[in-house]
Amino acid sequence: MNPSFKAAVVGPSRVGKTTLLTAILAETERLLAGSPVAITPDEKTANRVRANRRQLRGALEAGEFNAAALKGTQEKSEYTLMLQSAGDDTIDIPFSILDFPGGWLDPAVRESSSRAATDWARCEAHIRESVMLLVPIDSAVLMEAVTPPQRRAVPDLLAFEDVEAVARKWAMTRNMEEYRDEPAVLVLAPIKCEKYFGDNGGHGRDADRLKQKVREKYGTLLEIVAAEAQDRDVRVLYAPIDTYGCVELMEAHWPANPVLDHLDFEAHYRFRGNPPRIAVKAAATIMQELCRCVMSGWDTVQKQEIDEYQGAYQQLLARKVEAKGFRRALTFYLGGEARRNRLARAANQAQIAAGERRRLQLQEAVEKLATTPYDRRVEEW
Amino acid sequence: MNDINDRISAVLADRRRLLPGVDREIAAWERVRDRLGDLGGALAAVRDGPDSTPAGLDEIDLPASGRRVAEVLAALAAVRARVSRQTLNIGVSGRARNGKSTLLQSMTGLTDEQIPAGAGLPVTAVRSRISHSFAQREAVLTMHSESSFCEEVLSGYHEELKLPSPPRTIQEFAVQRYPATSAELGVDPDSRPKAGPMLVRLREMQESVESFRGWLTGDTHRVELEDLRGWVAYPPPGDSRPDRRYLAVRDARILCRFPVDEVNDLELRDMPGLGELTAGAEQHHLSGLKNDVDFVLIVKRPSETNAAWFAEDAAGLGLIIRAAGAVTVQDFVAILVNEGGCPPGNVEALLTDISKRVNEGGGGSAYRTIVADAADPGAVREKVLVPVLGHLAEALPRMDRMAVDHAVELSSALRGQLLAEAKALQGALRSVMTPNAVEQLLQRAKQLRAELAVSIQAWVAQLRGRAAENYEDDEFFRRVESLQNSVREWAVEGFHDGVDGWRTRALNQMLVDDASLAFATRELNDIRNEVARRLSTIDELLNERRDEFWAGLVAALGPRLAPVAEGAPPGDALRDLAVRLQEAPEPCPELAGSLEFVLDLRLDYRTRVLPRMRTVLNGLRPEPDGQDPVQMAALLTVPRTPDGAGELFTRLSHLVRQAAHEAGGILAEEPAIAAQVLLAYAEQFEDAFIRSAGSEAEFRRMAEAFRDELWPGRPEGPALATARVQHLRSVLRDLVAALDTTAVRQERNTR
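So the sequence lines, in the order shown, correspond to chains A and B. Quick note, the first sequence lines up with residues 1 to 381 if you use our numbering. Quick note, the second sequence lines up with residues 382 to 1132 if you use our numbering.
These aren't lab readings, by the way, just hints derived from the structure by calculation. One thing to keep in mind: the hints can contain errors.
[What the hints assert, rightly or not] Okay, the calculated bits of chain A under chain B, using three or more residues with CB under 8 angstroms as the criterion:
(1) 147 to 156
(2) 246 to 259
(3) 269 to 278
All C-beta atoms in this analysis are idealised placements derived from N, C-alpha and C, irrespective of residue type, glycine included.
Sequences and hints are given; from them, build the entire structure.
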């Protein structure tokens, strides 16, 4: 199996992760428009994205859009996006984004769930190799909780405990010696932020309040990550995303949950503009940041190779012999291994030259994404 | 006689000048008596109090002091009686059947009709006062009332005979069942000889009640002297329907011209017969002797069985000696040996017996003894009246001085004793530290400030609890939710018309206007105003919160400082208190100002919520401020079709739902904000009321101005102990002041 660049997602199910992925795709497509490189989901991901877009179109027709009530995550989902050369679908850089229930970190939960028991080893490996931990946040839950019972429901609705547990695990592995020279990015991504911003067709004035609430509510998480990754830097990005751009929260209901001792949350959105137009904002940040990780990793590898020749860093060298995960992906895709594999199968020099050109174009596209300025909403904390 | 008359007139005039002084002295000693009564109460309160009694409070014997004050007052009363007499009063005393009435007849010129002097049984039933008058010749009878008859006549008999309480009305007396014999009385056998005749007399009175009942009027009755006998004499023995009008006579004063007309200011007193078996006779006699007469003539007629000085005579003289008081008894009394119709031997025998038994052989202690025939007016004038008046003209000033000196002596001694005792008590109390009135006020003000600080802090703490992040004002949230729902439902259900009705109206109007935007604009304006109106009803709840805040403060200040009238809002009590503090005799502007500060609190929708609510309502404007007008216009522009009307309804109702939701968010923040505001006001009030620069001074003013409301009735606890001792001190001060007003002190001051 070919390696990929990995990111882990942790957050409550139905927070809108597929919508987020759809938005990431849409905005990355926009950034890559006119280049010979495209971003393509694998088939499974593509199906999901299609379903999501179909749902949105239906809502647009109906004139009202209701987000489903948030419920605990029960299954893992893996999304794969590939940066692909337009002329050769064998030349690509795949990104694998894994969403899994935070509760699986608990051995007792794993024992009670056959699915968890089966998938856990893969999840663990994925987390270990993820350069990015993406935390999508339902901004409406944070912002619309005004009464004490509503505010009390927020930690459960946003699955703070699970998120913090996964973040701890991720930060611990990122802090391990073998991963310490790899990138580590924690992205706090409030989504469905349309109502709170005035920069995307809306009139919201609550951007600062949202940021303050995220800082406040996710302060513990940031402390955990800082504490667990003491021997290295972790880049923290705050990226509030408009996943639709054309909806605005109309009203929120907090029905009592008959089973749990907290309130549930139901948001109702209305479309704004006539006709409403989808206007995703800041979603490309995720892909841009992943590309930045790739480029940063590649720089490190090249520097280390020079050091290798100079006979230094024997230990590092020994480890590199067994390169795997992020490093393997780097050397595989950017170092030429993939190309060599393909060359072995190639029949003539012309094809070899075209392939090499497309590989460089792909590398340039990654570089371009990595260096394009982020949306103005995005901040590094 | 003219010389005697002048001298006696001068003595009487001198006496009258003393009267005001004597009255003042009596008033002063009556005050002392009253203060001693107060002292008893004050001492008992201190002794009975829960605190330890200061040492030295038991050293005053109040009952004994009370008795001594009574003695001083009695002496002063005797002096007053003496100096207030308008006439020279000579009493005629002696046992019955010795010629008293005969002597009085000789001295006054009256006859048996006025002064019965028959032979045999005693005939004088009413003792008269006989005054010399040139002009008048009549008797003035003061009649008993029914009650005075029962109290003064019957009660004496009941007491002597050990009978139950006397009747209260003459009717009760008429039907009273008395024992038939003395054996049935509760008296001991030794008393029966005296009690028997007394019971007989009582029964006679009861049997004849109808003869005098009608005269028990309490009025004065004037009688011709010729008709007087029926009023003053016992009925003759054997009378089947005895006339006992004399029982109705309380006092008889006879006015007539005396044969000795040289003496103008003379009154003769027919004293009750010694040994007569009437109730209280002796006490009555003694009282009369003490207060009514300047001189007593004891008449003794040495008949065959009466030629010696018997024990009864000695007892009578003993009473007179007691009555003389401070006056030398020899100046006060003379024995008239009535020789009329008696063998000279008897006269001689009696004189010898008197000389031997009474005068103890003569000398300085001898009683004046006169021998004269009482029935002979000439002899009476020469031998009795002229020498007696001569003696009195000379002796009265001396006698008066002695009576006054005696009273002064008693008064002075007692004053000294009482002052010493009062000072000793004051000394004992000096060791007890009690705050004076000013200190007490300061202490109370301090205590009040401390108490209010505690209760106000408790109130502030309660408000702080409400302002805490985790406090849940459930009622407020319920009201907000209900308000939100009412707006939402109003929108979802088609505003005022119902969904179908609204759509129809919208379509019709759009067709009339030939445009959708105009209708949508008007509609949105109406909707916005209706939403604003509905949201403003939260005012009621905010005002409730403000009233609760005031009520909490009123409770902290307490019902005595800020009483709440039935049904009145709590703000009124605070307003009233602020006004009273401002208008107090010494105003308390800082305390009043702190109250006015909390009264200025506004939590209403208009000032608190409206500014933020307008931003929500801005979203319901056809051209919202700060937004692209084209965007809203695009939203409000729909096809002029039924579907277009439906679409417009959806969009408008969505806008209202969003506004209701956002309004709910703003209102939901209100309990926390209101709680913070209320806490801030409360803390500010507490600071200003308790800790401002002028607070301490103004609490003193408030304590003074509101003293009656704050500390009504009797003090309690330590304050009560203080009050008890303070009261005792105050009573002692009053006692000393009362003693200072006595004549002795005044004399000392003038020296």
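Hints breached by this structure: Result: no hint breaks.
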